[in-house]
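Using the sequences provided together with the hints, build the complete structure.
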Amino acid sequence: MSEFFAMGGYGWYVWGSYGVTFALLALEILLVRRRAREAKA
Amino acid sequence: MRWFWYASPQTFFPLAGTIARWCGLAAAVLAAAGLYVGFLVAPTDAQQGEAYRIIFIHVPAAWMSMFLYVVMAFWAALGLALNTRLSGMMASAIAPTGALFTFIALWTGSLWGKPTWGTYWVWDARLTSELILLFLYFGFMALKAAIDDPRRADRAGAVLAIVGVVNVPIIYYSVQWWNTLHQGASVSLTKAPSMAATMLAGMLVMALAFWLYSIAVSMVRVRAIIKERESSGSDPELAR
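If you read the sequences in order, they're chains S and Z.
Note that the numbering used here gives residue 35 to position 35 of the first sequence, counting from 1, and the numbers run on in steps of one.
Note that the numbering used here gives residue 105 to position 105 of the second sequence, counting from 1, and the numbers run on in steps of one.
Because the hints were derived from the structure by calculation, they are not lab data.
Everything numeric in this text was worked out from a predicted model, so none of it was measured.
Heads up, the beta-carbon is just placed ideally off N, CA and C, and yes, glycines get one too.
One thing to keep in mind: the hints can contain errors.
Stated by the list, open to error - Far from chain S, some chain Z residues (derived; all Cβ distances over 10 Å):
no., residue
1, T18
2, R151
3, I170
As the list claims (entries may be wrong) - Here are the computed distance ranges between Cβ atoms for each label pair:
no., chain 1, residue 1, chain 2, residue 2, range
4, Z, E228, S, G8, 46 to 54 Å
5, S, A23, Z, Y6, 28 to 36 Å
6, Z, V41, S, R33, 29 to 37 Å
7, Z, A7, S, R35, 17 to 25 Å
8, S, K40, Z, V41, 45 to 53 Å
Here it is, written out as structure tokens:
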């Protein structure tokens, strides 16, 4: 398992990529849903 | 399909909600499948080791960054030509997601470049033109935000979006036109892909997931924009 997270020594690069990508996508979902909720009809 | 029926924001509003729900669901399932293939099925690359696994998000994000710009410019141009209200709203709804994927392409590319090239950044034609794409998205959003009248903002934004579309083929062909550090396309429409089948499968599934994600998020955002802009009347359709 720790071998998987080490990514053959490239852990920072691989998880830095995936972590930021999915964090930003999650943030966009959160923000866009809040905007839709708060928009008045 | 009654296209012009749906060109009205009020009639498009409930349809956008349905599209968002189904595309969002499909995107989540495909992203899970793509991650499974990318991390557990695809083998370690002989030259790049595990660092190559970044391409499963880098390449789809880069594709989306260019594709979304073209779609955004298409809607902007349609709004300019036909003066339809929904078109400008669609262009506005796509821009932030396009900018996000452009940033992701640059960020992941940088983290891939460090172990493989030995540098996070280099001013080569591919990287520079992709950075310009990010600034075009920012410029489009800033210009629209700076003009109070939404219809005038749509027209001004449309001109910028259409002019900026020349950058997309420059990005795509930059690796052929100039001697770039960035490699050429491993996957193209004209020749067989130069990678293992499972690697290609992981990349294509992720691309599809990002594609459906973009549709879902844009649809939720266009619903918010419709509500914001059409707020004057009390339309029961928009209350849902």
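Okay, the hints, checked on the actual structure:
1. T18: The claim stands: Z:T18 keeps its Cβ more than 10 Å from every Cβ of chain S (closest is about 14 Å).
2. R151: Answer for Z:R151: holds, closest chain S Cβ roughly 18 Å.
3. I170: holds (25 Å)
4. Z:E228 / S:G8: 46 to 54 Å: Given range 46 to 54 Å: holds, Cβ gap about 48 Å.
5. S:A23 / Z:Y6: 28 to 36 Å: At 34 Å between Cβs, range holds.
6. Z:V41 / S:R33: 29 to 37 Å: Because 32 Å falls inside the window, the suggested range holds.
7. Z:A7 / S:R35: 17 to 25 Å: holds (23 Å)
8. S:K40 / Z:V41: 45 to 53 Å: holds (47 Å)
Every hint, counting from the list given before, is met by this structure.
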